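Participant: Mapping of the sequence shown onto our numbering: residues 1 to 290, in sequence order.
Hint data in this document are derived by calculation from the structure and do not stem from the laboratory.
The structure displayed is predicted, hence computed values, not measured ones.
The reader is advised that the hints may include incorrect statements.
Quick list of in silico lysine to aspartate or glutamate cross-link-like pairs, EDC-like style, CA-CA up to 16 Å [as the list claims (entries may be wrong)]:
id, residue 1, residue 2
1, K100, E77
2, K228, E41
3, K116, E78
4, K86, E180
5, K242, D12
6, K101, E132
7, K169, E180
8, K116, D66
9, K228, D66
10, K228, E40
11, K90, E180
12, K75, D12
13, K242, E216
14, K107, E78
15, K199, D21
16, K101, E134
17, K203, D21
18, K107, D93
19, K37, D12
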Amino acid sequence: MYYLKVVCEVRDKVEVAKHYDLRSGAPGMPREKRRRKTQEEMAAQNRWRRRTRLRRLIEANFGPGDWHVVLGCRKGEELSAEDARKRIRKFRDRLQGAYKKMGWELKYVITCERGKRGRINWHMIINHMHSEKECPAGIVRRLWHWGMEYFSPLDSTGDYKVLAEYIIKECEREGEEPVEKQGYMSSRNLVRPVEVTEKVRAKGWRKEPKVPRGWELVPGTLVNGTNKYSGLPYQRYTIRRKEASAHEEGGHIHRHDPAGVRKRRGERDVHHADPAGRGRRPRAEGGGGD
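All chains, please: the whole structure from these sequences, using the hints.
Facilitator: Right, here's the structure in full:
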């Protein structure tokens with residue numbers, strides 16, 4: 001018997017998800033017959049994946065002091081999806097040019113929402129840069145000619161789940177063509193966290209996951225639930241390196257490589273503490289995995 005463990009590193013956090021393969025089922029439960037997923041199941045799964053990818057992308061590349069910018073149209077102006085795509089790309093190119101002129105590199109994530117009255121708004125997450133002459137707010141105000149702009153700095157928590165869900169929620173409304181077909185667009189220079197999946201030979205997992213020394217469970221992230229479509233149990237949680245341990249080790253793990261997939265010559269493996277439990281043979285304590 002086995003279950004699947006999916007691990008993803010995002011800066012100094014490690015996200016872990018455990019679930020059973022639908023084809024093999026869980027202990028004491030019959031294997032599920034092959035069937036096509038319903039439209040409701042597919043929509044729910046796609047929505048969860050899209051929000052998770054966006055959140056991880058923001059958390060891996062932006063932090064305190066970076067900006068959430070809202071751009072709007074003039075009152076009474078209505079744009080088609082195609083015109084909206086052209087406008088935001090024109091503005092993005094100008095913004096990139098202004099950053100480059102200052103010797104900066106622009107990082108961004110952009111979503112687009114259409115309000116209930118048909119009015120278009122864009123949400124941008126951009127990196128903060130500054131000099132004696134320029135700052136992002138000044139550049140945006142100078143280049144955006146089509147309506148209002150609103151700025152709010154990202155907070156210091158490093159947890160941007162609420163922000164990600166907020167800026168993408170309108171893209172998921174049923175019965176409307178999304179302006180951005182993928183839900184959002186992002187610059188190519190962003191670090192993209194990578195999921196790693198492994199099979200764990202065990203009947204199950206601990207209800208309270210074992211956290212390695214020097215790490216801690218992020219409060220509120222542990223979920224032991226049941227998939228409402230398949231009826232199979234799952235577990236999700238996030239651990240992070242304790243602040244003192246991070247300083248002792250010389251900083252956050254993979255600060256500039258959150259995906260943890262590229263190691264430099266002579267660099268010690270990020271998994272030396274094995275926070276996610278990969279590379280270990282599962283213990284048979286109580287018939288469960290880690």
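Participant: Honestly, which of those hints from before does the structure not fit?
Facilitator: 1, 8, 9, 12, 14 and 19
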